[in-house]
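Residue numbers (this note's numbering), protein chains in the order written: chain A, 1 to 278; chain B, 1 to 397.
Because the hints were derived from the structure by calculation, they are not lab data. All the given hints hold, so there is nothing to weed out.
Where chain B lies over chain A, by a calculated footprint (3+ residues, C-beta under 8 angstroms):
#1 81–88
#2 103–114
Listed next, the in silico DSSO-like pairs over lysine-lysine satisfying Cα-Cα at most 27 angstroms (straight line):
#3 B:K46 with B:K169
#4 A:K135 with A:K119
#5 B:K393 with A:K217
#6 A:K217 with A:K78
#7 A:K78 with B:K393
The beta-carbon is built from N, C-alpha and C at its ideal position, and this holds for glycine as well.
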Amino acid sequence: MTATPTPAAAATAPAVEAVGLQKHFGGLRAVDGIDLALSPGRIYGLLGPNGSGKTTLIRLLSGLARATGGEARILGTKMPSRTALASIGYMPQAEAIYPDLSVGENLGFFARLEGHADKAAIDRVLDLVELRDRKGTPALELSGGMRRRLSLACTLVHEPKVLFLDEPTVGVDPALRVQFWTHFRRLAADGTTILVASHVMDEADRCDELVFVRHGKVIGRGTGAELRARAGTDNLEAAFLILSGLDPQGNPLPQPTPAEPMGGGGPMPGGGRPGAIL
Amino acid sequence: MSPSRILAIARRIAQGFRRDERTLGLMFVVPLVVTALLGWVLNDTKDTVVDVVYVNPGGEIGDRILTALRTAAADPDNDLRLVDPVSTEAEAVAIVRAGTADIGIVVPSDLVAQILAGTRPTFTIISEGTDPAAEAGRFGTLQSALADIAGELAPPGVTPPIIPQVERKTVYLSPDASQVDVLAPIFLGFFGYFFVFLLTGVSFLRERIGGTLERLLATPVTRFEIVSGYSLGFGAFATIQVVVLTLFILNSIEVPSFEVAGQQTPAFSIGLGVDSAGSPFLAFAIALLLSLGAVNLGIFLSTFARTELQIIQFIPLVIVPQALLSGILWPIERLPDVLQVVAHLLPLTYAVEGLREVMLKGADLSSTVVQTDLAVLAGIALFFVVLASATIKREVA
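Only chain B is shown next, with the shape it has when bound in the complex (with noise of 0.2 angstroms):
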């Protein structure tokens, strides 16, 4: 063993970090800036006002809460508003499901009496049930307000004051829908984004680098039909990626015990049986507009990198803030105001959106949301067609 050969090897490499100004700075800079980031995130996360819809069972004591809940409505530090009272959960529900109040909450109206007979009354909370993040806040401010209420509605006399059992019912999925349920829709987008996007940029890179790029240009081909030929390519294999993946996600093949020279295998299940409500075509047709943009995205950040490295470089730059900001780990409206801006530039928050409206939600065609989306994404990855077809330089056509 020479200390000087090991030196040497060291050496050698930290010359070669010296003339790459990008990865010194990748590995110094981005870290802060990301770690900025998800600090800002999480520091300013905001308090949403959570909107409620109030199921009354009528008679005082169903008033009595209603002015209790009122009361709490008021205070600022609550969070809390109040739309018009209804009479049925049937109603709650349907109000729920338009998104004019986030959440139902539904007393027995034989309250009283449970109270008095000693038992623990049970409230529905009604949620949509589609995102467990934004709901574990709306639960939160919830729980603070019914603390309150639960004071007020004790009887004198009655020690400990009587806390309610709370009943969850959703909309959508069931109440104890797994963490997978929910995030199904969210694989279909980030995958399909992340390779396509990874594979076409170190792909377009080695065009440039390897002069077939330049040999290409010395043919009459033009520089859309380049860009076509590149998204429908790398289109086709998109296609199949989301196509598994869907497959997987929503069905899922029970393997039973069997022997093996003696030995049983455990039970066991491929693909994660996700209920979808909605469409899979209509799932898949966002997730394949999300690749369009990401194949042009990455001839166009192909650009800006001399080695397949530095395209692996641009990860933290293009997937990082998408992962953070496009409402898969906190919903998009309690981020910073900024940020929220920054995340209604995001592919990704369009195709989380309209994934988890479709295959959550069920909704189809004739969603404004699912409409939006869909624009929106196809906007995006045309303004990436345009701009990678203008990174391709040829003086002809």
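Next comes chain A alone, as it looks inside the complex (with noise of 0.2 angstroms):
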């Protein structure tokens, strides 16, 4: 169920999928009944506030979580399932990473793990971060920007089919990121399918298609350019708020900044819930 599938299938059959995915944690709906389908080769980016239930979302995906409701489909397999984790890359959205271990052995033991162990697939995710000339170093003495591209080359080591990427572009310089960017559509190209949690704005329009989330529902999804125009405005935060119910010109929304662009006032209920996620 993890084979290729023939290009004919491709086009049809979803590689990621959820049915009325559903998490409670009490009282708390984190996912509240998402429908995906994410087809093999694209780029989607799932955007909303912190809280909004993005990591969830994905830690159901990735088999991290079992879902109180609903289904969750990779690459046509029911998840959680063991099997489906050797075909999925998850960067979470801490480094996740051995910092009194060398950049090598950080990989080799992710590798490993995966039973995936070659020197070769070893040397090419660091000339792809850019840190063959560091293999030896400990993580422990990377900047923060090193680290956060050892992390990701970890995810990647395995060449996974279906990559989930929990804010990964956080603390990596514009430079870098570019290159990350064209990296994942390199990826893409080769059939890789890529959720790139984020609720960073800007990088929004380098996705295929985007997923708006809020209070753990789809509020939103199409190209970029579909969401401004159905919101009316050319604005992708903008269209977020509008999407979401809110009034941009009505209530004294606070000035979104990257990190928060849901921050705090207005009369939503509910607010954001930080840290009602994790």
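Reconstruct the complex from the two isolated chains, following the hints.
Rendered as structure tokens:
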């Protein structure tokens, strides 16, 4: 079921599927009935404020959490499934690397767990994140941006067919961010399905398609242009607010910052619920 | 110097404490609990009955002493019990070795002649010699009984009554074995347990808070594989630790005095040079099983900590009661009943018992005590493996 689909099937069979997916933590509906169908070879942006359910959705899709209701399928396999994990790459929000291991040792470790420990694969991802000359450096001694790159490399080392990236470019400088996206694009061209969670709207336009989530629900989906047109604005951030049922003119919303576009204020019930997730 | 800055720092510490109920609890509750436990153990230490085997030299005097001992044993205040008397010292040693009696008393056959000559007769007291704390208690019990007997034995007209001298003989170790000899097995068990627990706890906590556990769980690895890998990895280091410690305890290298820059250095020795009666490999196996339990206890308890400081806070809960109750400081049979039950739930209890059996008494795998200890330690290790696996949450596998 993880075999590469035939070109005809690829056009129809989604690589990532969610049907009525729900995750409740007590009374909190972190993911509240989400339907998704992500096609192979495309990059999807999962956008929403902190606490909107992005991370929980990714954890459900990658089998790290069990859904309260509905189901998730990866390459046709119902999650959670251990066999499907081999074709998934998951980059958590945290750096999730071993500071006392060197760059090469970190990669070697995760590659072995994935059953993919060939030197060529490790050197390939090292080139990709431009850390080849740091192979012997302890992760502890890397700069913040380098550690982020190493974290991405650990995610990619087993050449997964489906990539879940939870805010992958936080702390990455603009030049390198461009390179990351160039690489994501190349992976997508090779048939990898990528879901990037972000609250940075300026990254959204690099995605083929966007999914706006708020309070655990999908409030809009489509290309950036489609969403802007539907909201009647040329600003993606404003489009998000309008699709959230807010009036950017009427409410004294705070100056949106990339980190917290929805932060505080306004008459919206429940607010952004920061910290509600995880 | 600005008082307000000093106050600001002090205040910041108080504010941090306010949100950390666990640390607050630790500072005020745990010392009370540990002190209460200590008080309980010390106040309610039980007087255990001492089993005595008497070596009867025969003759009238021998029988008189036996009668006196029986009278002493009949008095419930004395906590003394007589097992059937034997006629040779060798038989008494065998009985103490078998554990049927705690103490053997050998009375010289020329006792009367010695008393009449005015010399103090010498009684020989035989004990195991492996647990000074327990034996000190037994000698106390015996001493009061002996005082009674001495009073009865004194022939009329002889004043002051003759107090016999006591010569100690031990079944295992030498009678003047140092505290180090007796404690060596405990070092082996205790350090293995303590450091392995601390290191695994901190290490696994880092996996949890650093996100690497999350990443691990997004690979096809199973929980059992993670726990086994941890056990193997830390087990390897525990092995090295136990080997180094065993070598240090059992060997002693004399470093002679030598001259440095015109000065004579004092001679000294490296290592304790303790005589281990039994197989170092068996002792090693016990210590390793104990460490295996400690690895998985560390993984399990890391679930309940959010910071490395909180792992350290488990020490008074995990380590201190074991140090108090596992038979290191007081023999378990002298603990209050409730605490005896607790003691038998603690892994260190079995490790200390097993290590003592092997290293001090030379027990091997045919000993049921050693078999039981190994089985219980393996059971405890397995229990913690299951518990640790259960705390690694993933919906897969």
